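**Student:** Given next are the chains, with one letter for each unit.
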Amino acid sequence: MDLLYDTLFNGLAIGSVLVLAALGLAVVFGLMGVINMAHGELMMLGAYTTFVVQNIFKAVLPDALFPIYILVALPLAFAVSGLAGLLLEKTVIRRLYGRPLETLLATWGVSLILQQFVRSVSSAFAIGLVVAVVAGILVARFTPKAWWQQRWTPLLGTGSWIVTGLVGVAIASLLGEQRVFDQPWFSARNIDVTAPEWLRGSIDVGVVNMPAARLFIIALTVVALCLVNWFLQKSVWGMRIRAVTQNRTMSDCLGIPTQKVDALTFLIGSGLAGVAGVAVTLLGSVGPNLGGNYIVDCFMVVVLGGVGKLAGTVLAALGIGILSYVVGSGSLLLVWPAMPEGLNAVITFFATTSMAKVLVFALIVVFLQIRPAGLFPQKGRMVEA
Amino acid sequence: MADLLASRNLRCWLPWALIVLGALVLPVVLPPFRLNLLGRFLSLGIVALGVDLIWGYTGMLSLGQGIFFALGGYALAMYLQLNELKPGELPEFFSLYGVKSLPAFWQPFGSPLFTLISIWVIPAVVAGLLGYLVFRNRIKGVYFSILTQAALLVFFNFFNGQQKLINGTNGLKTSTARIFGELIGSDGMQRNLFWLTVVLTVAAYLLCRWLTDGRFGDALIAIRDDEPRLRFTGYNPTAYKTVVFAVAGALAGISGALYTVQSGIVSPQYMAVPFSIEMVIWVAVGGRGTLIGAVLGAVLINYAKSLVSEALPETWLFIQGGLFLLVVLALPDGLVGWWRQGGPSRLIAMVGWPPRTATYPALDLDPQVAAEQEQLQNPRAGQQR
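These protein sequences, in sequence, are chains A and B.
Residue numbering for the first sequence follows the working numbering, starting at -9 and increasing by one per position.
Residue numbering for the second sequence follows the working numbering, starting at 3 and increasing by one per position.
I should point out that these hints are in silico values taken from the structure, not numbers from a laboratory.
All of these numbers come straight from a predicted model, not from anything done at the bench.
Cβ coordinates follow ideal geometry from the N, Cα and C atoms, glycine included.
Any given hint could be a false lead.
[Stated by the list, open to error] Here are the simulated distance ranges between beta carbons:
1. A:GLY88 x B:SER311: 31 to 37 Å
2. B:PHE182 x A:VAL111: 51 to 57 Å
3. A:LEU273 x B:THR235: 48 to 54 Å
4. A:GLY191 x B:SER311: 44 to 50 Å
5. B:TRP197 x A:ASN180: 44 to 50 Å
6. B:SER311 x A:ASN237: 47 to 53 Å
7. B:GLU312 x A:ASP172: 18 to 24 Å
8. A:VAL111 x B:LYS102: 50 to 56 Å
9. B:LEU367 x A:LEU164: 58 to 64 Å
10. A:LEU(-7) x B:ASN194: 58 to 64 Å
11. A:LEU164 x B:ALA351: 37 to 43 Å
12. B:THR171 x A:ARG169: 33 to 39 Å
13. A:THR342 x B:ASN238: 36 to 42 Å
14. A:PRO330 x B:ASN238: 39 to 45 Å
In isolation and in its complexed conformation, chain A is listed as follows:
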């Protein structure tokens, strides 16, 4: 019986990471109908922020403070990922409003860039990038206004960015000849985050042995869920978000600043991805490809849960997490040894992590035959036919 609880507990922990990761995606999808393919990369940014914070605590601050670095990393990761998401919304997604498929492709492009950025960023690279961006903005600011109202203005705009980009590349490659600047910050290898002492042990509750890190993740998820729920239900901006989700045009007519609502929601959703990234570092080493491992699962959560209620996301994430863990770890066989022969063979066949995904996907497709819009569909006449 302990085994059953153990399995359930581990599944719950994995499911909670999924809840954290999918929560932001679901809120954004419900509001804007946009699937953010770079969501996984925003998680990765959160994970790398944790890594940086940990290194700063190790190198600069006294040892006594080290145990609390993870609590510092949480808001920082939220801020880093949230700001990255805000930038993404302001520069790319806003221009593609009403074209969800194009948004999907554009955000995929962003995710590729972010992945490679983390792999190859070095001091030289960062300086070159900053120079290019600042120069590009300055060109637009300090050239005669008349230049920007001509027939050839589009060429000027493109050309100036190309030139500043080339300047940036030149600076980066010149600096890159110095060893100091050429050293990549993270490189393509995986990084390891050392959990603080108090998260490394485990706690015995009754018969179940609970690793503290996983308990922490579950607690984190619960806190995040409560905060998001409170924000959406009780705060003014939360009310506005709900209004725009239900009926964008009508909200706009009633004076709700929908663009600000979009930006804010995207910031929060991305920030939650960052928090999920912190949680992921506690489960094992992380690398630039981190996003790819979670993103499809997150999409499945959104599809299965529907966008009507937060509860849908939570139920779907926990369901997918627990089911894939229970099936994938093969512990069903141990829990129930007296299984009939045929079922036994089936369960063994699916008892690897990857095969469990096959089963879960098949179940989701079957479920969608019964309820095409997920567990909690959005209701109302505005929902498209």
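Dock chain B against chain A, hints included.
**Tutor:** Chain B in isolation, oriented as in the chain A frame:
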């Protein structure tokens, strides 16, 4: 002769002449390695045609074409593994996993006829089935995209994990197999395969042309532009979508088989998530909704990829990510669409030669019209006067 050079006739036969000329000249001019690359990229053009059919014409963004691509590749590779084996022998890799007898589903692939049919029928059936289950419930848009992506991941996991059935992650090698007594990897055989690829690409293009020119094509475009209206008019979009998805699957299967024999191996990597999204970007860059654009895009992007990856491997992901953003934000109709909509003349107009417009001569002479035109071209001068 003059008749042949008349512009309408020229447009008729010149492309064909160029294709024949290319097919005859390129194998002599290009070194075998480059010729092989070109053949591979052309075969990728076939899968791009399928993507164009379902995305460019029907508006369904499938991120799972890799499934059908790899299924076609596996079908042919299984036949090649079995070809020229003595009775009772097994393909080599089976002995590694202690498999004593051929798995049942391998048996029919001993027959060349069955293989030739299954290369395109199996992907078409899988696509049709998957499509029917999804379209039946009116799941579309982003939901469809992420479901196809999840299906892709599921197939990837399945093929990756089943060593005893299809050699798992190692894939099946074809370069060392023989057909008609000749090694597949040999230069002569690769040249023949290049010609085969050219013929099949042209055939696939003509098939798509035929499909999109008639009423069927009109229905597809209607689905893309306003599906509910088509349904209210009395059509059944589900049937059209299922059929076109199956056709795209069949094209992907043929493409995968050609690609497999030209690159020498088929492995689950063909079902990797990024590869399938790349297929979409080929079409987007070439120009969606234009069939020739799909083929051009596939060849161009892949050639660029191989050139960049040889010179500066780290920058490719940046370039690719940038391409996604550029195509979506600045060039939504791709290169061919831009060309057809008068892009070049607009570009020339930007640097100072506005295109001559056809108007009534009397209008051109009217002083007021002339003044207005001048004012339009040079608004500031007009204000001062």
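**Student:** Decide, hint by hint, whether the structure agrees.
**Tutor:** Tested hints:
1. A:GLY88 x B:SER311: 31 to 37 Å: About 36 Å separates the Cβ atoms of A:GLY88 and B:SER311, which means 31 to 37 Å holds.
2. B:PHE182 x A:VAL111: 51 to 57 Å: Holds, at about 52 Å.
3. A:LEU273 x B:THR235: 48 to 54 Å: At 53 Å between Cβs, range holds.
4. A:GLY191 x B:SER311: 44 to 50 Å: holds, 47 Å
5. B:TRP197 x A:ASN180: 44 to 50 Å: holds, 46 Å
6. B:SER311 x A:ASN237: 47 to 53 Å: Since B:SER311 and A:ASN237 have Cβ atoms about 48 Å apart, the given range 47 to 53 Å holds.
7. B:GLU312 x A:ASP172: 18 to 24 Å: holds, 22 Å
8. A:VAL111 x B:LYS102: 50 to 56 Å: Hint holds: Cβ distance 52 Å, inside 50 to 56 Å.
9. B:LEU367 x A:LEU164: 58 to 64 Å: holds, 60 Å
10. A:LEU(-7) x B:ASN194: 58 to 64 Å: holds, 60 Å
11. A:LEU164 x B:ALA351: 37 to 43 Å: holds, 39 Å
12. B:THR171 x A:ARG169: 33 to 39 Å: Given a distance of about 38 Å, which is inside 33 to 39 Å, the answer is holds.
13. A:THR342 x B:ASN238: 36 to 42 Å: holds, 41 Å
14. A:PRO330 x B:ASN238: 39 to 45 Å: This hint holds: roughly 43 Å between Cβ atoms.
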